[in-house]
Amino acid sequence: MTGGRVKAVCGAAFSLALMFTNVAEARPVTVKPGAEVGLLNVALFRHYDCKPIKVVIKVVQAPKHGTLRQVRATLNPADAKSGDDFFGRCNGKKLQSLAYMYRANSGYKGKDRVVLRVMASTDGSGNYGFEIVVE
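Just so we're aligned: the sequence shown equals residues -26 to -1, 1 to 109 in mature numbering (1 follows the signal peptide of the UniProt record, and there is no 0).
Since the hints were derived computationally from the structure, they do not count as laboratory data. It is possible that some hints are incorrect.
Okay, derived cross-link-like pairs now, SDA-like style, lysine to any residue, Cα gap no bigger than 25 Å in a straight line [claimed, not checked]:
id	residue 1	residue 2
1	6	41
2	68	22
3	32	66
4	83	7
5	32	4
6	6	89
7	28	103
8	28	75
9	6	83
10	38	8
11	38	75
12	68	20
13	85	5
14	6	81
15	25	70
FRET-style restraints, in silico, Cβ to Cβ [as the list claims (entries may be wrong)]:
id	residue 1	residue 2	range
16	4	25	30 to 40 Å
17	81	21	41 to 51 Å
18	68	93	18 to 28 Å
Quick reminder that beta carbons are idealized off the backbone N, C-alpha and C, glycines included.
Could you put together the complete structure from these sequences and hints?
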């Protein structure tokens, strides 16, 4: 896996980690057969000193037509697309994160679905659904 793939999901993932949403709002993802794509990259931290907050991610619904793997990654709060300056003091700091990558089965074309549950020591928990189209 290259750093570019994880970095590509950093901004969106950071926003997702901060705003727990209903799984009914599944995010669309498109991928080629046999290719890997980032679904979620989560780094929770205290905005006032950039110290990490423990986060646990559980797979609620595993993919039926691909594989899911967890990797350690980094996240820069400046990559967040929230437009919120609340986390500005942490910009430029590389925070440890957990990223989830999906790889579609070779030769498969169609739909797949993944649901991940993010549980943090301070923010409760939230489910993130991904509607994956393999084309």
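Original post:
Against which earlier hints does the structure fall short, listed by number upward?
Top reply: 3
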